[in-house]
Amino acid sequence: MSKPRVAIFDFAGCEGDQLQIVNLEEVVLDVLGQVEIVTWREAMKEQSDHYDIALVEGSITRKSDEERIKAIREKAGILVAIGACATIGGVNCIKNFQDEKFVRRYVYGDKAHWYNTYAARPVSAVVPVDANVHGCPINREEFVQILKALLQGKKPFIPNYPVCVDCKKAGNVCVLLKGQFCMGPVTRAGCGACCITEGAYCWGCRGLVDDPNMDAARELLGRLGISAGEALGQIRLYDGYGEEAR
Amino acid sequence: MNLAIIEKEGLRLFLAELLRRKNTVVGVKDQSAVSSIPGDSGFYTYAPINSPEEMTLSFDVTLIPPKKYLLPAYEQLLTFNLSPGSIKADAPKEELIVFGVHPYDIIAINQMDKVFSAVPQDNHYLERRKRTTIIGIDPVKAAPRAFWSSMGADTVAGGFDLMLTDIGQCYVTEVGSKKGASLLKMAPGAREAAPAEAKERDKVRAEARKRCDANRLNFSYLELPSLLDGKEEHVIWEEKSYLCFSCGTCNLVCPTCYCFDVRDDVSIDLKKGSRYRTWDGCLLSDFAQVAGGGNFRGHRADRYRHRFYRKGQFIYRRFGDIACVGCGRCSAQCPSDIADPVAVFNRLKEGI
Chain A
1 MSKPRVAIFD FAGCEGDQLQ IVNLEEVVLD VLGQVEIVTW REAMKEQSDH
51 YDIALVEGSI TRKSDEERIK AIREKAGILV AIGACATIGG VNCIKNFQDE
101 KFVRRYVYGD KAHWYNTYAA RPVSAVVPVD ANVHGCPINR EEFVQILKAL
151 LQGKKPFIPN YPVCVDCKKA GNVCVLLKGQ FCMGPVTRAG CGACCITEGA
201 YCWGCRGLVD DPNMDAAREL LGRLGISAGE ALGQIRLYDG YGEEAR
Chain B
1 MNLAIIEKEG LRLFLAELLR RKNTVVGVKD QSAVSSIPGD SGFYTYAPIN
51 SPEEMTLSFD VTLIPPKKYL LPAYEQLLTF NLSPGSIKAD APKEELIVFG
101 VHPYDIIAIN QMDKVFSAVP QDNHYLERRK RTTIIGIDPV KAAPRAFWSS
151 MGADTVAGGF DLMLTDIGQC YVTEVGSKKG ASLLKMAPGA REAAPAEAKE
201 RDKVRAEARK RCDANRLNFS YLELPSLLDG KEEHVIWEEK SYLCFSCGTC
251 NLVCPTCYCF DVRDDVSIDL KKGSRYRTWD GCLLSDFAQV AGGGNFRGHR
301 ADRYRHRFYR KGQFIYRRFG DIACVGCGRC SAQCPSDIAD PVAVFNRLKE
351 GI
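Top line first, the protein sequences correspond to chains A and B. For the first sequence, the working numbering begins at 1 and goes up steadily by one. For the second sequence, the working numbering begins at 1 and goes up steadily by one.
Chain B on its own, in the form it takes in the complex (with noise of 0.2 Å):
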């Protein structure tokens, strides 16, 4: 069965049957179920849950992408002993299911999964992905700066166990892996969806795409490698990037940035100690510096058009994918709001 029905209440006893069989499930949260705090209310994010009635999955975008339990904001690489000498590398060994994952945030972990695969591979990213599950949804809102559309990030093929479509009464599951086959077992009442069913998905899916047209590129997005040739000197770096704070924000919340920090934290006797790795951001001041103080990306210009090369141009180079999929993050959380790739690449393409 690739194509299934799981009825709305299958689901529901599914995800109960995941958490009574002691699975640790991270699922959307609306904030204001997460946080006490007045205002945050309307923002979505993934953290584990522990019924099914503390999950959403009509979320628009979360503001931190599900990288965050592939590549932890800390995440701590090995121990080591001085005398005598010795390391041990951590194996990460945590089993996790990720309910809830929208086709652009799925495409940014295959983009990672190539990355991290390249050689020098990276075992600790491969061991937690291979012991992450991923359950897909079809979003049903856009979010107001998303424009996943235009990046053909609408819908993914493969990357997810299972990926959910809600097309009324029922949610059409599309099985993408064993694991999901399997997993599709412990849903009940699920059965092998009819032709009409799996038509339904095309509209709903079609609908999607039209609201998040609402926001989009003028042109292809895989033009980008060449529109972004020779404009190097353009004004467009200088002129929006006056107003950047340098906070890294577009990249800490990017689902395709994965770069970081390595430092040691030794014990106070100086005898044993730790490695452990920390999200970085090419948007910050000092991301560029290197012994002796040169910095090769010393001004503001230079790293807010670095993160739009890297996008558009750099990493489709190296690995054949251009590193955005339009999920709107650092457009709608940039302080400054100037972090908005809509903007700054329909006006490259306008030529003005």
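Next comes chain A alone, as it looks inside the complex (with noise of 0.2 Å):
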């Protein structure tokens, strides 16, 4: 049997999560020893049209983008969307809640008018996406985890639990015990609370859980003296493509 040949494209991003993937190190040749890289504009300069499985960076920003992402999806078997960029739309998503023309010209100078963009928008806006490797970036080893699902014909796991999990598990003090804000309780869980182990507080960037209380969320933040305002910012860090964020 031959090797699931593997295609990875980028769109609007940093490339970050790519290079996550570069960065597999221990583990990149067993990666490698599984599939067939065919495309990886990043890495490689071969390239190819015939892929079983495409893994896409970033968010859709341009129409023109629109069309790439439908001929992906057309020739790939799975299709993942791999980093915040492309699962929820990401930071792209800040720009959705400003003028458009004011932040194309902050960008893009007097060159401005050579790119037509428009609101940016997760991959599964535009076409069906059959997994999603969240987080800003993503997290290397629940990469691999999901890569190994797939590979297995699995339905990959992926936790639809808020952060508190893996920060209990973690042994961490409970930032919201220490009067400050944390978006974990309504954050997808899956990055083992890497953040708050590390003395932060949970940006949000998996997105949120399939059902966020968010009802929880504005009364526990009304108690910590958090605005309403403030909130919304967070929210729309990572996650302004949702409907909480709009």
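Keep in mind the hints are simulated off the structure, nothing from the lab. Among these hints, one or two may not hold up.
Stated by the list, open to error - Listed below are the simulated DSS-like cross-link pairs for lysine-lysine, each with C-alpha atoms no more than 30 Å apart in a straight line:
1) Lys154/A - Lys199/B
2) Lys3/A - Lys272/B
3) Lys169/A - Lys93/B
4) Lys203/B - Lys178/B
5) Lys68/B - Lys169/A
6) Lys272/B - Lys155/A
7) Lys114/B - Lys8/B
8) Lys185/B - Lys169/A
9) Lys178/A - Lys70/A
10) Lys70/A - Lys95/A
11) Lys141/B - Lys169/A
12) Lys169/A - Lys203/B
13) Lys178/A - Lys141/B
14) Lys185/B - Lys22/B
15) Lys155/A - Lys271/B
16) Lys141/B - Lys210/B
17) Lys93/B - Lys114/B
18) Lys272/B - Lys154/A
As the list claims (entries may be wrong) - Calculated from the model, a selection of chain B residues having no Cβ within reach of chain A, i.e. all distances over 10 Å:
19) Asp40
20) Thr79
21) Lys114
22) Val115
23) Asn123
24) Asp202
25) Val235
26) Thr249
Note that the structure is predicted; figures quoted are calculated from it, not measured. Heads up, the beta-carbon is just placed ideally off N, CA and C, and yes, glycines get one too.
Bring the two chains, given one by one in their own frames, into a single complex with the hints.
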């Protein structure tokens, strides 16, 4: 049996998730032993239109992106969104709440008219996505887990519980217990609560769980003295495309 | 010698001797001694200790109970090979001394012993339990949300190897097992307790109980199974769970919650793999989801109610124990502050 052919594509994003794949280090050879990478602009010069699995980083920000992602979807048996920009829209969606012309001029200056951008969106807003590797950046271990599940023909395990679970397992002091802001109770786990473990709070880069209790979040933030505006800003940081941010 | 006295300096030397003999000792540390993160002081955690000075015995309650050593957050159960097919169970091998466990947490461990000894018995748990020495300590402080004095958990009759009570200048030390008796021999200057010192222990315990009584059930905890009868449709479940994040914190920090999920991790070449288990919780939205997508407790209120019935009734019916020891961890750590058993049970008792 020939190895599954994998192609890696990028749209609007920092390519940090592809960098995580490059950085797989000790397992990279194992992965390459099981799949054949046929297209990957960031790491190789060859390319091919024949692939089974497409890994897509970045958000869709132009009409021309739509055509490109649709063509990829057509060729790929399995399409996996990798990283927050692709899975939930990510930081690109911050611009969705600003004036489109101003943003374009701010970034591209006097060449702004060359770039026909529109409101940023996740890949799933344009084509069906088979699996999401969440995070900004993606967690390398989780990426390998999901890839393995796909190679086995299994549905990958992607947690639908909040980051609090990972935090308790890690033995962290709860950020909220210290009276500070945290997106953990409504954010999808799977990251191992790495940011809290390192002394920060959860920024919500993995997006919301399927059924977030936003009433509870509002109540809690009120108790912490955080305004609705500040909280909305936090949600829009990564999840600006989501319905809670609009 | 069933009731002994160890002087304060004697206890320090005892602990130093345990460490010198290469025992793995975990004790309670103020989180500020473990973490460099500002604001982490005043929170207590169990962690491996390297010197007696790192440890405190005057904590009120730890964030996570000592169950993390008997039922780790992640535990590999077995490894397997697919060609040729073979399975090898993992056997816990580490000997551990947990130094400083409060009576309510020992009662919780005694409950877990019952649960995991029941058929089919859980060999991983039982093996860890066998290899764990428990040195208990009576609490000198009660955490603000603790209510162990209401749950019959202010003292414990067994389940420890040694049980210390700080009576001022020294520790009254009760021997709870043969292992405890031989450990005691390593404590320099240990001697038989005088009757007056045994009485002093009673006094210290009564004072601790009184401190904890500041937050209490308005009725005997033994009434809980009957109190919950017919309360399934009570308005409190909807009302409280309105603010539930389904984050499972109340489960994960509970010393009597033992549910776990089992998963396989197969190597990328599909030739070998391992099976592990990890903490789960009945408050998580997908906990009762089954193949095909059905969910027996798809609503927050159902999950929220389930926990209280499990604590007050279900485990009692099956094992004869009330599955709440009054540590107050759920109450103190719930992000929405809706998990307090005292508030819920007292309200059910009042009938409003």
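* Straight-line alpha-carbon gap lysine 178/A to lysine 70/A, limit 30 Å -> 47 Å, violated
* Could you grab the alpha-carbon distance between lysine 185/B and lysine 22/B and see if it respects the 30 Å cut-off? => Distance ~17 Å between lysine 185/B and lysine 22/B Cα, so the pair holds.
* **Claimed clearance of chain A by lysine 114/B, with the beta carbon kept past 10 Å** => Its Cβ never comes within 10 Å of chain A, the nearest being 24 Å, so this holds.
* When you check the alpha-carbon spacing of lysine 169/A and lysine 203/B, does it fall within 30 Å? -> Status violated; Cα separation ~38 Å.
* Asked: Taking only the CA atoms, is the gap from lysine 3/A to lysine 272/B under or equal to 30 Å?
  -> 19 Å, holds
* Given pair status - lysine 141/B, lysine 178/A, alpha carbons within 30 Å -> Within the cut-off at roughly 21 Å; holds.
* Does lysine 95/A lie within 30 Å of lysine 70/A when you go C-alpha to C-alpha? -> 24 Å, holds
* To do: Quick one: work out the minimum CB distance from threonine 79/B to chain A and report holds if it exceeds 10 Å, violated otherwise.
  => 16 Å, holds
* CA of lysine 93/B to CA of lysine 114/B, is that 30 Å or under? -> 22 Å, holds
* Asked: Between lysine 141/B and lysine 210/B, is the straight-line Cα distance small enough, at 30 Å or below?
  -> 10 Å, holds
* Going straight from one Cα to the other, do lysine 155/A and lysine 271/B come out at no more than 30 Å? -> Roughly 19 Å separates the two Cα atoms, so the pair holds.
* Given the hint that lysine 68/B pairs with lysine 169/A, does the C-alpha gap stay at or below 30 Å? -> 9 Å, holds
Of the numbered hints stated above, those contradicted by the structure are hints 1, 7, 8, 9, 12, 19 and 26, listed in ascending order.
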